[in-house]
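Residue numbers (UniProt numbering): 1 to 169.
These are computed hints drawn from the structure, not numbers from a lab.
Treat the numbers as computed from the prediction; the structure is a model and nothing was measured.
Treat the hints loosely; a few may be bogus.
[As the list claims (entries may be wrong)] Calculated pairs, SDA-like style, for lysine to any residue (alpha carbon to alpha carbon, straight line, at most 20 Å):
#, residue 1, residue 2
1, Lys13, Gln42
2, Lys160, Asp106
3, Lys65, Arg134
4, Lys54, Ile129
5, Lys50, Asp95
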Amino acid sequence: MEGVEWVIEVDEKLKTMVDSEMEHWRKRSIYKAPPNITDHKQRALLHFLKRSGKPLRSFVESLAKDLQQLRDCYELLDPRWQDDDHKFMQLMILDGCFMLEISCLDTHTMEDYAETDPIFSNHGQIHIITFIKRDMLMLENQLPMQVLHSLVDVDSNGTKVIPSLWTHY
1 MEGVEWVIEV DEKLKTMVDS EMEHWRKRSI YKAPPNITDH KQRALLHFLK
51 RSGKPLRSFV ESLAKDLQQL RDCYELLDPR WQDDDHKFMQ LMILDGCFML
101 EISCLDTHTM EDYAETDPIF SNHGQIHIIT FIKRDMLMLE NQLPMQVLHS
151 LVDVDSNGTK VIPSLWTHY
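Please work from the sequences and hints to get the whole structure.
This is the structure we're talking about:
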């Protein structure tokens with residue numbers, strides 16, 4: 001049931017994201033780094049979903065088929081991810097969409113983010129993204145490639161491949 005609640009919550013946020021996000025970042029130019037990056041991952045998920053035009057449920061269903069196989073990619077998976085399918089699914093989708101959004105910055109302009117967005121603006125690309133990419137390469141922060149392939153496959157109806165950045169690692 002918890003997984004369904006998360007899908008509904010994300011769908012609701014998706015309906016109001018553009019107006020509230022633009023207003024939130026409109027006047028800001030100095031940012032305090034969040035204690036963790038979860039809020040930015042949530043925003044990246046909403047932008048990814050909005051651009052894809054696909055419901056979150058499509059991505060959840062695609063990854064759900066291989067949930068145990070994804071878990072098996074990790075040697076020592078924290079019990080909170082090992083014992084809770086819904087939390088593990090959220091982790092895979094949030095982190096996967098965030099990685100795809102970050103990697104797309106190398107080849108695409110992300111015009112649907114606010115100009116003063118702390119991560120996805122020009123400022124964020126110059127001052128923040130390098131550190132995020134370096135952090136994503138740490139072993140404990142890596143995702144199975146299957147997650148990225150699955151997200152891109154659903155997003156593009158099977159017509160695209162993952163960004164070339166990820167095929168080099």
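Against the structure, the hints come out as follows:
1. Lys13 to Gln42: 10 Å, holds
2. Lys160 to Asp106: Since the Cα atoms of Lys160 and Asp106 sit roughly 17 Å apart, the hinted pair holds (cutoff 20 Å).
3. Lys65 to Arg134: The given pair, whose Cα atoms are some 30 Å apart, is violated under the 20 Å limit.
4. Lys54 to Ile129: Violated: Lys54 and Ile129 sit about 26 Å apart, past 20 Å.
5. Lys50 to Asp95: 17 Å, holds
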